[in-house]
Amino acid sequence: IIIEVLWIGSVFNFCEMKMKVILLICLILVAAMLLVPVAKSGYCFIRGLIAFKHGFEGQSVRYLEKSIKANPDFIEAYMFLALAYAEWASSSLHYMEYDDTGLATLKSETLGKAEDVLESALARFPYHHFRDDIQYMLGRIYDEDSRNTGYVWNKDKAIQGYKQIIGQYPNSRYVQKARKRIEALNR
Numbered sequence: 491i492i493i494e495v496l497w498i499g500s501v502f503n504f505c506e507m508k509m510k511v512i513l514l515i516c517l518i519l520v521a522a523m524l525l526v527p528v529a530k531s532g533y534c535f536i537r538g539l540i541a542f543k544h545g546f547e548g549q550s551v552r553y554l555e556k557s558i559k560a561n562p563d564f565i566e567a568y569m570f571l572a573l574a575y576a577e578w579a580s581s582s583l584h585y586m587e588y589d590d591t592g593l594a595t596l597k598s599e600t601l602g603k604a605e606d607v608l609e610s611a612l613a614r615f616p617y618h619h620f621r622d623d624i625q626y627m628l629g630r631i632y633d634e635d636s637r638n639t640g641y642v643w644n645k646d647k648a649i650q651g652y653k654q655i656i657g658q659y660p661n662s663r664y665v666q667k668a669r670k671r672i673e674a675l676n677r
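In the numbering used here, the protein residues as written are 491 to 677.
Derived by calculation from the structure, the hints in this document are not laboratory data. One should not assume that every hint holds.
[Claimed, not checked] Distance windows between CB atoms, simulated:
1. 559 - 617: 30 to 38 Å
2. 646 - 610: 19 to 27 Å
3. 533 - 677: 43 to 51 Å
This structure is a prediction, so every number in the text was calculated from the model and none was measured. The beta carbon of each residue, even a glycine, is placed where N, CA and C say it ideally should be.
Produce the entire structure from the sequences given, and follow the hints as far as they go.
Structure (C-alpha cells):
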C-alpha cells in the first residue's frame, strides 16, 4: 500500500510538473505575441539611429518609419524621424551646386515630411513631457525652411511656434533659445 501511495504521488507530481511547464510555455507565447511589435519597433529604431549616425538619412527614415508603424506610441521614433527628414533636407543642399534638377524639390518635400511628423506627434501625444522638444523642433524646421526657400509664411509659422513654447512651456529649457530665434527672425 505504501508503494502504491508513493507511486500515485510521483505520478501526481509528474503531472503537476507537466502542467506547470505547459502553463509556463503558454505564458511565454502570450508574452511573445504582445512584445513582438515592441521588439520590432525597438530594433527598427536602433537601426534607424545607427544609419542616422553614419549619415545615411534615407535609410534612417525607412527604419524609423517602420518603428512607428510597429509601435505608434513610441514618441522618440517620431522625434528622430523628423530629425532624419530635416537632416536629409539640409544634406541635399550640399549637392545642389552639382545638380539642381530635383534636389530643391527633395529638400522641400523632406522638410514638409518632417513638419508632418512633428505635427502628428503633437496631435497624438497631447500631454507628453517631450512636447516642448517637439514644438521647438517644429519651429526650427519652419525657420530652416524660411531661410532656404525665402517663404515668408514659414518665417511667420516659425515665430508662432517659438511663441507657443514661451507661452505654453514657460519653464522649458527652450524658452531662451526661442526668444533668441524670434529676435533673429524679426531683424
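Cross-check of the supplied hints:
1. 559 - 617: 30 to 38 Å: violated (23 Å)
2. 646 - 610: 19 to 27 Å: Between residue 646 and residue 610, where Cβ atoms are some 21 Å apart, the hint holds.
3. 533 - 677: 43 to 51 Å: holds (46 Å)
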